[in-house]
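**Q** For reference, the chains in residue letters:
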Amino acid sequence: MPIYETLSDRLTVVLDIGAAYTKFGFSGEYAPRCIIRSEVRCKKTNQVRRIFDFKDEQDLYDLLVDFIHTLYFKYALFSPKDKPIVVVESLLSPTLFRETLAKVLFVHYEISMMLIVPSHLVSLSTLGAETALVLDVGYIEAVAIPVCFGLPVIHAWQALPLGAQAIHNNLRTLLSSENTGINQLPETVIEDIKVRCCFVTKQKRAEQFNLAKPDITFAPEVKYPIGGSDIITISGKVREKVYEILYDEDNDHLSLSTMILDAILKVDMHLRNQLAENILLIGGSVMAPGFKARLKDELHKQLKYERYKKLRIKTFKFHSPPCKENYAAWLGGGIYGATEVLGMKALTREKYFLENRLPDWPNMRDNRTL
Amino acid sequence: MSYIVSPDVVKYACTCGLLKPISCLYFCRYCCELRCGFCVCHEVDSHFCGKCCENLPSSEARLKKNRCGNCYICPCCQQELSTRIGSKGPSNPEDPKSTPKKMYYLSCLYCRWSSRDVGIPDQGAATGGWPERENVHANRLQEVIEGYKAFITAQRQQKEREKKKQRGKFISYTDRTGVTAAALRKRIGLPAEVPNTYYRNRPKPPEVAIAREEVEDFPEDLLTKALNLMEITTIDQRLLQPDLQPTTVDKLFPIHKQLSIKRSLRCRSCEHNVSKPEYNPNSVKFKIQLFAYYHIPEVRIVTVEPLRAGKTAELILKFTNPTQHQTVITFLPLDLTDKGGDGDREVVGETQSLNLPEKQPPSLGGQPSSLLSLSSRQPSITIKPRPIRQATNCSIAIPGSKVILPPRDDAAEYDDSGETHNIQDDTKLVVWRKSNKAFVKLAVTPDDGLELNTEIVAGFTMQHIYTNTIATTVENKEPDRHDHNVRVFLSLGNLVGSE
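Which chain is which? The protein sequence lines are A and B, in order.
Numbering follows the UniProt record's numbering, with no gaps: position 119 of the first sequence is 119.
Numbering follows the UniProt record's numbering, with no gaps: position 439 of the second sequence is 439.
Simulated from the structure, these hints should not be mistaken for lab results.
Keep in mind that the hints are not guaranteed to be accurate.
Pulled from the structure, derived: some chain A residues nowhere near chain B, Cβ distances all over 10 Å [unchecked claim]:
| hint | residue |
| --- | --- |
| 1 | H69 |
| 2 | E191 |
| 3 | V200 |
The calculated DSBU-like cross-link candidates involving lysine-lysine, where the alpha carbons are at most 30 Å apart (straight line), are [said to hold, decoys possible]:
| hint | chain 1 | residue 1 | chain 2 | residue 2 |
| --- | --- | --- | --- | --- |
| 4 | A | K351 | B | K149 |
| 5 | A | K43 | B | K276 |
| 6 | A | K43 | B | K287 |
| 7 | B | K64 | A | K74 |
| 8 | A | K83 | B | K64 |
| 9 | A | K74 | B | K51 |
| 10 | A | K351 | B | K159 |
| 11 | A | K351 | B | K225 |
| 12 | A | K43 | B | K262 |
| 13 | B | K225 | A | K213 |
| 14 | B | K225 | A | K204 |
| 15 | B | K276 | A | K55 |
All residues carry an ideal CB built from backbone N, CA and C; glycine is no exception.
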């Protein structure tokens, strides 16, 4: 079947390994084939381990070997040998992780070439835009990087540990004050409570939370069954307050909204308005109900303060990508993978083995040509 | 067969340096080395649906996005859905003879979800015909992808054209005469510069999405309406359908069942298969199965005396010869630095730079180079074995004499005539033997100064004679016999107190 063989050559795997969920699919498709937890069942102890909880390089190598094996032989259903791959990763991805991933792919799985694309940049391709401020709220952290004319402005990056992990911890604390035995609950249950019961409340109501006598009635409470025998009560206050951790300013007066504004501040003056009118929110956490409405309110509130007055921004405009936000970066990688850029820019196996390392933007050797 | 599920007390060191029980190991007959799932190359052999056992060629599986066309799984609990018959009233109510029309719907026998719950109309045919949903953004995404494709192609062509220009193969004589192309163009009244072909042929970029000021409004009824958990999907249910990610259960739709595969395993250094299943999904047999269990003598722990620090204890091991050839077992001290005799092979270190192995798979050795390039398989890279991390804290007195194991004889089980083998055994070493099994007594001494309840691990190198039945050359009909070393690790249990 030579006709189909050419078809098979076009199949390029696009992989976006997130701290919580991994998006996996093929280039040119509109949605990933699967979104699965980035975890592996350890063969020795029979416990489920997150990939990002690795101990050292060797440990990470073994975890990734197992994980990529499941991806290819359970979902992709073909051998990775001599096939290209597109990897979507954050510009702030740790060197140890990306180097180990490359080693696993090139040495253990013998892929033919690998194209690494930065998540913030490629998610813009879903819009067909060149300039936007991209805020990625993931599991471990929220990272804002402005992209101007197709170039990520790295010196303006902002990152805060405000992601799903922080929300889960906050939810655990809030629930513990009203229920017992919360600390024993696995994180999947906490995540489920967050996804099904909690929402981002309105700014006016959030201001009332801190008052001694809130002048609001909280949302109705929810009885949440646990394990078929127990029931915990999730009060309306908890449901509304969980996400406040993203918008409350910390000791350095930083929050999600200041991240966006600080990133805009660091960019050239002429581009500031353009960035404020092109904001793209990606990452699973931004899918919470009410998230965007609240972020917009918070941005306008911050504008009134002295430190952002000089920005002279009047309006904020948000993009809505043609996909769900949690796989927007993956889709961007898929669009890149469908073009010929793979053959032009990808790192081939031969090139990788010359130096046994990946090109990286902080490395001056790779930036020399610029 | 309890050793398959029980804790692995006897482990063999694979050539790659991992310790595994014998049931997880393979033995490549061509390299005479142990291999495990970690150090072989996995390949997909055939695709099939686990429910209807339909065998699909790989191209068809690809077209169907690795999903079965007929079988569905429940979007609620991921169990398989079954097709149920629900009868609808007779097609013609006036005519008493008309039979009731059969209608089919999908139902989950596990969680009671059914396709009627979400308003999917019943189907007249039992298989197929269920409505498929399209991605709502499909048109826009198609436009974006096409736009980017065209853009990159144009860029590449432009680059190639520039490269061609630079080469300057032909000398332009117009330059010497002073009549340049630009000057000529000026004379006849055209602009001097030829407009860049890149800009002329520049593809239309995809339409830029427009950001909007208004965002999704806050869902006000969240504040007042009581939440019904039964109506809201869990995150697993949402992620099962990545393109839709429905938030309420009334938008859950049946999902095509993911296909399964049969895998064949290939040795990375000699490119021979160590395991190849039969193509038919209904068959559990193998075409090739080079499991270590059929080639390497199996070691089991029979008894061990209570272990005390510094005190010698008696350990009885059972050795079984699984092959059709007599073998001799020699005990050697454990050597963790031993690479297992693959010094001549190219290895990939963690620091040393790597050269791709130039050698071709043996089957292609005699072909001309033009054919070699056609072969889709590239030779594998051999990975340097990692050092064995398992530490031993117990010494084994290595006996000087050898143990002979007769070949396996399936009929011996039913033979009551007694021992037919006339083997002169070292009675201090071999306690008892029957057919192809021998019980061997060893003395083990846990190291001094170990804490109570420490797990005691002992190790030794087992050298056995392996008879290779593959006729390597035509004239050499004699089976090839040579020594093969296997490093065996025994978890002997925990240290107990003194008396």
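**Q** Provide an ascending list of the numbers of those earlier hints which the structure does not satisfy.
**A** Failing hints, ascending: 1, 2, 3, 11, 15.
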